[in-house]
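Trainee: So the chains spell out like this:
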Amino acid sequence: MSTDVVPGFVAVVLVTVATLAIGTWGLRFSRTTSDFFVASRSVRPGLNASAIGGEYLSAASFLGVAGLVLTFGADMLWYPVGWTAGYLVLLVLVAAPLRRSGAYTLPDFAEARLGSRGVRAMCSVLVVAIGWLYLLPQFQGAGLTLRAAIGAPAWVGPLVVAAVVLINVGSGGMRSITFVQAFQYWLKLTALLLPACVLLAVWAGDGAPDPTIGAGAGADFWSLPLGEGGGQGLYVTYSLIVATFLGTMGLPHVVVRFYTNPDGRAARRTTLVVLALLGLFYLLPPVYGALGRIYAADLAAAGSDTLVLELPRLMVDGPLGEVLTGLVTAGAFAAFLSTSSGLSIAVAGVLSQDVTGRRYGARRLSGVSAFRAGAVLAVVVPAFVSIAAPDVGVARTVGLAFAVAASTFCPLLLLGIWWRGLTAAGAVAGLLVGGLGSGLAVGWTLVSSDTTGWVAVLLGQPAAWSVPAALAAMVLVSRATRGQVPAHAGRFMVRLHTPEAVQLER
Amino acid sequence: MNERVRVTGPARRRATTGDRSGTREIDAGTELGRVYMQSLLREQLRLALGILGLLVVTVGMLPLVFHLLPGLAEVRVGPLPLSWLLLGVVVYPWLIVLGWFYIRRSEANERDFASLVEEVER
Numbered sequence: 001m002s003t004d005v006v007p008g009f010v011a012v013v014l015v016t017v018a019t020l021a022i023g024t025w026g027l028r029f030s031r032t033t034s035d036f037f038v039a040s041r042s043v044r045p046g047l048n049a050s051a052i053g054g055e056y057l058s059a060a061s062f063l064g065v066a067g068l069v070l071t072f073g074a075d076m077l078w079y080p081v082g083w084t085a086g087y088l089v090l091l092v093l094v095a096a097p098l099r100r101s102g103a104y105t106l107p108d109f110a111e112a113r114l115g116s117r118g119v120r121a122m123c124s125v126l127v128v129a130i131g132w133l134y135l136l137p138q139f140q141g142a143g144l145t146l147r148a149a150i151g152a153p154a155w156v157g158p159l160v161v162a163a164v165v166l167i168n169v170g171s172g173g174m175r176s177i178t179f180v181q182a183f184q185y186w187l188k189l190t191a192l193l194l195p196a197c198v199l200l201a202v203w204a205g206d207g208a209p210d211p212t213i214g215a216g217a218g219a220d221f222w223s224l225p226l227g228e229g230g231g232q233g234l235y236v237t238y239s240l241i242v243a244t245f246l247g248t249m250g251l252p253h254v255v256v257r258f259y260t261n262p263d264g265r266a267a268r269r270t271t272l273v274v275l276a277l278l279g280l281f282y283l284l285p286p287v288y289g290a291l292g293r294i295y296a297a298d299l300a301a302a303g304s305d306t307l308v309l310e311l312p313r314l315m316v317d318g319p320l321g322e323v324l325t326g327l328v329t330a331g332a333f334a335a336f337l338s339t340s341s342g343l344s345i346a347v348a349g350v351l352s353q354d355v356t357g358r359r360y361g362a363r364r365l366s367g368v369s370a371f372r373a374g375a376v377l378a379v380v381v382p383a384f385v386s387i388a389a390p391d392v393g394v395a396r397t398v399g400l401a402f403a404v405a406a407s408t409f410c411p412l413l414l415l416g417i418w419w420r421g422l423t424a425a426g427a428v429a430g431l432l433v434g435g436l437g438s439g440l441a442v443g444w445t446l447v448s449s450d451t452t453g454w455v456a457v458l459l460g461q462p463a464a465w466s467v468p469a470a471l472a473a474m475v476l477v478s479r480a481t482r483g484q485v486p487a488h489a490g491r492f493m494v495r496l497h498t499p500e501a502v503q504l505e506r
Numbered sequence: 001m002n003e004r005v006r007v008t009g010p011a012r013r014r015a016t017t018g019d020r021s022g023t024r025e026i027d028a029g030t031e032l033g034r035v036y037m038q039s040l041l042r043e044q045l046r047l048a049l050g051i052l053g054l055l056v057v058t059v060g061m062l063p064l065v066f067h068l069l070p071g072l073a074e075v076r077v078g079p080l081p082l083s084w085l086l087l088g089v090v091v092y093p094w095l096i097v098l099g100w101f102y103i104r105r106s107e108a109n110e111r112d113f114a115s116l117v118e119e120v121e122r
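Residue numbers (the numbering used here), protein chains in the order written: chain A, 1 to 506; chain B, 1 to 122.
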């Protein structure tokens with residue numbers, strides 16, 4: 001082992017140990033099945049918002065954005081903007097009603113609202129599909145990071161992350177994970193903020209060269225906030241905006257966090273704090289992208305995902321550079337751990353209700369054992385896929401997960417919360433149209449390397465057509481089957497929208 | 001807000017009989033109760049759509065504006081290109097302001113609703 005790998009190795013070990021230690025400490029508070037699923041719904045807004053920020057800021061935010069900005073310029077700033085604005089959309093349309101619905105998971109919500117086992121089953125399949133699609137790039141990113149930091153083979157990263165996540169999720173469930181996630185938000189922020197300050201000081205010491213003029217051609221293209229190529233560029237940008245603004249509310253690991261709030265009011269306050277925490281964090285990746293343009297221009301062509309990890313060493317010599325490298329490596333590793341944990345909890349929650357918790361013959365697992373079995377299933381499948389199929393494209397896969405969520409759960413939540421007239425048949429139709437449409441696009445994008453022409457553009461970024469199609473299908477089929485509006489729809493609206501302080505039958 | 005009671009069973013009947021509070025109208029599913037609920041829903045939805053409209057008009061129009069006026073890509077504010085200043089910095093406080101405003105208004109709507117339906121008509 002050369003001295004180059006020491007900071008990365010120390011960082012990864014420290015983050016792993018801290019994660020396990022905090023998880024074990026949180027275990028003392030986990031007693032019941034309710035603790036496992038939703039931390040017994042007693043997490044305060046400040047802690048809960050840190051936890052949401054911690055699990056939301058994934059590899060794509062920590063590493064991906066800076067690299068994309070370095071390569072493509074200002075239009076990639078739409079990713080962090082969309083990922084943050086998604087919480088504003090969630091706040092105004094979904095946050096409080098979703099909490100007041102009193103359901104554990106998205107399939108629970110669908111079943112309670114529509115009274116249909118069929119819709120429930122479809123939602124369960126979708127949660128698992130979106131969860132796995134999102135977990136895949138996390139595991140792959142972990143492989144990349146460990147290879148860049150300590151020269152480990154690509155399968156070590158997924159294995160370490162999967163093991164740590166399983167130990168934490170399996171032993172303490174939601175309650176202990178809440179503390180881990182909250183810690184990891186602040187770790188990630190520090191790991192990006194401190195090196196950024198030092199690097200900016202170095203940049204100022206060099207006479208503050210201008211990044212937009214720096215590296216050769218394409219200066220004005222680099223500061224243009226929409227994709228290249230006229231109409232297609234405009235379509236791609238707007239489709240990305242639709243996917244990220246509307247997809248956030250449909251991500252299973254985000255939604256499950258809202259059930260841990262004490263009430264609807266707290267759910268709103270939590271979301272506002274999340275907006276602030278994300279806004280603070282997302283100020284930083286573009287700084288790395290811009291500095292990379294001056295000091296690491298050759299990375300733009302060859303693997304820009306490692307920009308954040310390599311920039312400190314490129315700009316600062318000696319021990320300080322090593323320490324900063326260790327810090328960003330620790331942040332990146334925390335990003336994989338926290339996002340994977342959150343997703344695993346969401347997927348495990350659904351699997352334990354609908355798969356591992358069912359009666360098989362005479363045997364049936366208890367609540368907590370079923371949750372643990374679900375967690376194993378939730379983690380092991382994508383971990384193996386990520387090792388077997390090592391190169392799918394990290395940022396692309398995360399973008400597609402958002403598009404699928406926006407095309408399926410977003411229409412279901414919007415209409416389920418705001419429109420009495422939604423029927424089970426309408427929901428099924430909309431989920432099928434949105435799920436198959438965006439699913440087709442995902443499949444096509446993952447196998448095809450073609451990225452030019454309108455077909456490639458429409459399939460590569462499907463949200464702008466698949467979301468309206470799913471919404472239209474839900475509304476039209478619901479209108480056609482209006483006799484089947486659930487009898488309890490009115491009562492359910494009362495539960496979703498009235499403040500808890502008013503005494504009503506819910 | 002010091003003590004909050006979550007009601008999951010049948011509504012409690014108040015000791016006094018003969019009064020018709022809004023909560024009873026809603027629980028009984030009367031036409032008046034339906035009107036109460038509709039007014040709350042409509043108020044909240046109008047607020048939400050208003051906030052989203054502001055978001056679309058301000059943030060959502062940026063790509064179109066930059067598409068129609070390509071010269072904006074070269075505009076600078078101090079050391080930063082305008083697009084970087086807007087998308088990298090200004091947008092985040094703006095989102096927080098929108099969220100803060102929404103919370104204030106939606107809680108006011110809920111307070112109005114609560115005082116309306118809890119008022120006892122005799």
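It should be emphasised that the hints constitute simulated quantities derived from the structure, not laboratory data. Among the clues, some could well be false.
[Stated by the list, open to error] Covered stretches of chain B (in silico footprint by chain A; criterion: 3 or more residues with CB under 8 Å from a CB of chain A, positions within the stretch not fixed):
#	region
1	22-32
2	42-54
3	60-70
[Unchecked claim] Computed beta-carbon distance windows for the label pairs:
#	chain 1	residue 1	chain 2	residue 2	range
4	B	S115	A	V381	17 to 23 Å
5	B	L80	A	A121	39 to 45 Å
6	A	L440	B	L85	37 to 43 Å
7	B	L116	A	L432	49 to 55 Å
8	A	L476	B	G50	45 to 51 Å
9	B	L80	A	L476	43 to 49 Å
10	A	R358	B	L45	37 to 43 Å
Heads up, the beta-carbon is just placed ideally off N, CA and C, and yes, glycines get one too.
Trainee: Against this structure, judge whether each hint is valid.
Mentor: Quick rundown of the hints versus the structure:
1. With 4 residues having a Cβ less than 8 Å from any Cβ of chain A, the region 22-32 of chain B passes the three-residue criterion, so the hint holds.
2. Judged by the Cβ-Cβ criterion of 8 Å, the region 42-54 of chain B is covered by chain A as claimed, because 6 of its residues qualify and three suffice.
3. Note: the region 60-70 of chain B has 7 residues with beta-carbon separation from chain A under 8 Å; the three-residue rule is met and the coverage holds.
4. Restraint check, B/S115 to A/V381: a C-beta distance of roughly 52 Å breaks the suggested window 17 to 23 Å.
5. Restraint check, B/L80 to A/A121: a C-beta distance of roughly 51 Å breaks the suggested window 39 to 45 Å.
6. Between A/L440 and B/L85 the C-beta distance comes to about 39 Å, which sits within the given range of 37 to 43 Å.
7. One distance hint, 49 to 55 Å for the beta-carbon pair B/L116 and A/L432, is violated here, with the actual separation near 41 Å.
8. Under the hint 45 to 51 Å, the C-beta atoms of A/L476 and B/G50, about 27 Å apart, miss the expected range.
9. Between B/L80 and A/L476 the beta carbon distance is about 47 Å. The supplied range of 43 to 49 Å therefore holds.
10. A/R358 and B/L45 have their C-beta atoms about 38 Å apart, which keeps the hinted 37 to 43 Å range intact.
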